[in-house]
Structures are given as C-alpha cells and as structure tokens.
Amino acid sequence: DIQMTQSPSSLSASVGDRVTITCRASQGITNSLAWYQHKTGKAPKLLLYAASRLESGVPSRFSGSGSGTDYTLTISSLQPEDFATYFCQQYYSTPPYTFGQGTKLEI
Amino acid sequence: EMQLSESGGGLVQPGGSLRLSCVASGFAFSRYALSWVRQAPGKGLEWVSAISGSADLTYYRDSIKGRFTIARDNSKNTLYLEMGSLRVEDTAVYYCAKIRASVAVVAFHDLWGQGTLVAVSS
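The listed protein sequences correspond, in order, to chains A and B. Reminder that position 39 of the first sequence reads as 39 in the numbering used here, one-by-one numbering, no gaps. Reminder that position 115 of the second sequence reads as 115 in the numbering used here, one-by-one numbering, no gaps.
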C-alpha cells in the first residue's frame with residue numbers, strides 16, 4: 001500500500017497568516033492527490049483534487065501544488081472559518097486509498 | 001442539494017454484528033461509486049471499502065476482508081456496510097463518501113456524510 005506522511009501534525013497560526021501543509025507519498029502518485037477539510041462533528045469537505053484543482057465553491061485562498069511524491073496545501077490568508085483539521089488522500093491506481101494522518105490547524 | 005446521511009451505528013460487543021446504512025439525495029445515485037471511510041478516536045481517516053455504481057466491483061482493505069460486506073440498493077439510493085466479527089479496533093466514526101466516478105478506481109471523494117459512531121466494547 002502507498003503510505004502518506006503528512007506534516008506537521010498540528011499547527012498554530014493567526015488570522016491572516018499564510019500556512020503550508022505537506023504530504024509525502026511512499027511512491028510517485030502522478031498528482032492523484034486530494035485535500036480535505038474536516039471540522040469536528042461535520043462532514044469532511046473536498047478542497048482540491050488532482051493536486052492543484054480547486055473544487056467548485058472553495059475559496060481561492062486555498063491552493064495546492066506538487067509532483068511525484070511531494071505535495072503541499074497552502075492557505076494564503078487564514079480566515080476564522082479555516083481552523084480545522086486537514087487531510088490529504090492519494091487515489092493512485094486501485095484501492096486501498098490512503099490518507100495522511102491529518103494536520104490540526106489551531107488559533 | 002447533494003447529501004449523504006449515515007445511520008445504524010451503536011454499541012456492540014466484540015464478535016457482534018451491525019449494519020450501517022447511508023441514504024443519498026440530490027444526485028444520480030447509480031452513476032457514482034461510493035466508499036466507507038472510518039476514523040478511530042484520536043486517529044486519522046482510514047478507507048474501508050468501496051463499490052462501483054453498478055455494484056459489480058467491490059474493494060476492501062485487508063483488515064476487514066471476510067468480515068465486512070459492502071452493498072448498495074440503487075432503487076433506494078442507499079449504501080450499506082454489513083459488519084461482522086467486530087473487534088475493539090473497529091471502533092470508529094464511519095463515513096460514507098461519494099466518489100466522483102462510476103468506478104472506484106483512481107478517484108477521489110467529493111461528498112461526505114456526517115458519520116455514524118460504532119463502538120465495539122464488552
């Protein structure tokens with residue numbers, strides 16, 4: 001199975017900050033990577049897919065980049081509603097799909 | 001509005017069984033593959049199983065093969081997860097998630113439910 005290593009596991013930031021979260025795959029996944037936002041008690045929400053494609057309705061302050069095994073999620077200017085846990089997921093080839101361990105973004 | 005709503009969770013003893021359901025609305029249910037994804041307390045998300053839109057292809061993670069069965073009823077817009085021989089380590093919130101494709105291969109999840117809690121304990 002492809003392992004996803006996400007870092008950091010937690011991050012403290014302030015409104016207006018720029019933050020970056022990274023995911024590293026154990027093998028190349030040719031941009032088959034999605035990012036999700038998850039707030040406690042709520043349904044996870046798709047932010048980006050294909051490493052850099054913004055899901056409809058997601059604010060443009062969210063962006064993604066990367067290639068091969070290394071990918072990043074960037075939030076350009078944190079808003080109060082962005083404080084949540086973020087997960088990456090690889091969907092290269094057949095299941096099992098695997099997720100990163102998550103990054104808890106706190107004020 | 002597209003929605004997924006899970007139900008069927010609860011407290012069960014080790015070795016017991018449970019059936020989860022996920023009712024969908026707001027999209028052409030049979031056109032899309034679906035997954036079950038779980039999150040154990042204090043842990044990250046873990047993909048469990050997936051099924052194609054036509055239900056002819058299913059996938060399972062190794063740790064639940066032979067114990068869990070994924071199924072769907074396209075006439076009822078409902079996804080199921082039959083869980084048997086439950087273990088303490090199966091304790092988690094279980095989410096159903098829509099895949100943006102008819103087959104569960106090389107695809108991501110674009111809609112999630114809010115989850116249902118399964119607790120396995122004696």
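Hint data in this document are derived by calculation from the structure and do not stem from the laboratory. Accuracy of the hints is not assured; some may be wrong.
[As the list claims (entries may be wrong)] In silico EDC-like cross-links for lysine to aspartate or glutamate, where the CA-CA straight-line distance does not exceed 20 angstroms:
| hint | chain 1 | residue 1 | chain 2 | residue 2 |
| --- | --- | --- | --- | --- |
| 1 | A | 42 | B | 82 |
| 2 | A | 39 | A | 106 |
| 3 | B | 43 | A | 55 |
| 4 | A | 45 | B | 1 |
| 5 | B | 65 | A | 1 |
| 6 | A | 45 | B | 62 |
| 7 | A | 45 | A | 106 |
| 8 | A | 104 | B | 46 |
| 9 | B | 43 | B | 89 |
| 10 | B | 43 | B | 62 |
| 11 | B | 76 | B | 56 |
| 12 | A | 42 | B | 1 |
| 13 | A | 42 | A | 82 |
| 14 | B | 43 | A | 17 |
| 15 | A | 42 | A | 55 |
| 16 | B | 65 | B | 82 |
| 17 | A | 45 | B | 46 |
| 18 | A | 104 | A | 81 |
| 19 | A | 42 | B | 46 |
| 20 | A | 39 | B | 110 |
| 21 | A | 45 | A | 81 |
| 22 | A | 39 | B | 56 |
| 23 | A | 42 | A | 106 |
| 24 | A | 42 | A | 17 |
| 25 | A | 45 | A | 55 |
| 26 | B | 65 | B | 89 |
| 27 | A | 104 | A | 17 |
| 28 | B | 65 | B | 46 |
Taking the hints in turn, this is what the structure says about them:
1. A:42 to B:82: Violated. Residue 42 of chain A to residue 82 of chain B sits at ~24 angstroms, over the 20 angstroms cutoff.
2. A:39 to A:106: Distance of about 11 angstroms is within 20 angstroms: holds.
3. B:43 to A:55: violated (26 angstroms)
4. A:45 to B:1: Roughly 14 angstroms separates the two Cα atoms, so the pair holds.
5. B:65 to A:1: Satisfied, since the Cα-Cα distance of roughly 15 angstroms is no more than 20 angstroms.
6. A:45 to B:62: violated (26 angstroms)
7. A:45 to A:106: Holds - the C-alpha atoms of residue 106 of chain A and residue 45 of chain A are around 18 angstroms apart, at most 20 angstroms.
8. A:104 to B:46: Between residue 104 of chain A and residue 46 of chain B the Cα gap is close to 17 angstroms, so the pair holds against 20 angstroms.
9. B:43 to B:89: Holds: residue 43 of chain B and residue 89 of chain B sit about 11 angstroms apart, inside 20 angstroms.
10. B:43 to B:62: The hint holds at about 18 angstroms.
11. B:76 to B:56: Given that 20 angstroms is the threshold and the Cα spacing comes to 17 angstroms, the pair holds.
12. A:42 to B:1: holds (16 angstroms)
13. A:42 to A:82: holds (14 angstroms)
14. B:43 to A:17: violated (27 angstroms)
15. A:42 to A:55: Satisfied, since the Cα-Cα distance of roughly 18 angstroms is no more than 20 angstroms.
16. B:65 to B:82: holds (12 angstroms)
17. A:45 to B:46: Since the Cα atoms of residue 45 of chain A and residue 46 of chain B sit roughly 16 angstroms apart, the hinted pair holds (cutoff 20 angstroms).
18. A:104 to A:81: holds (13 angstroms)
19. A:42 to B:46: holds (17 angstroms)
20. A:39 to B:110: With Cα atoms ~16 angstroms apart, residue 39 of chain A and residue 110 of chain B stay inside 20 angstroms; holds.
21. A:45 to A:81: holds (13 angstroms)
22. A:39 to B:56: Answer violated: residue 39 of chain A to residue 56 of chain B is near 34 angstroms, above 20 angstroms.
23. A:42 to A:106: Given pair residue 42 of chain A, residue 106 of chain A holds - Cα atoms ~17 angstroms apart, limit 20 angstroms.
24. A:42 to A:17: violated (24 angstroms)
25. A:45 to A:55: holds (10 angstroms)
26. B:65 to B:89: holds (14 angstroms)
27. A:104 to A:17: Cα-Cα ~15 angstroms, so holds.
28. B:65 to B:46: Measuring from Cα to Cα gives roughly 14 angstroms; hence the hint holds.
Checked against the numbered hints given earlier, the structure breaks hints 1, 3, 6, 14, 22, 24 and satisfies all the rest.
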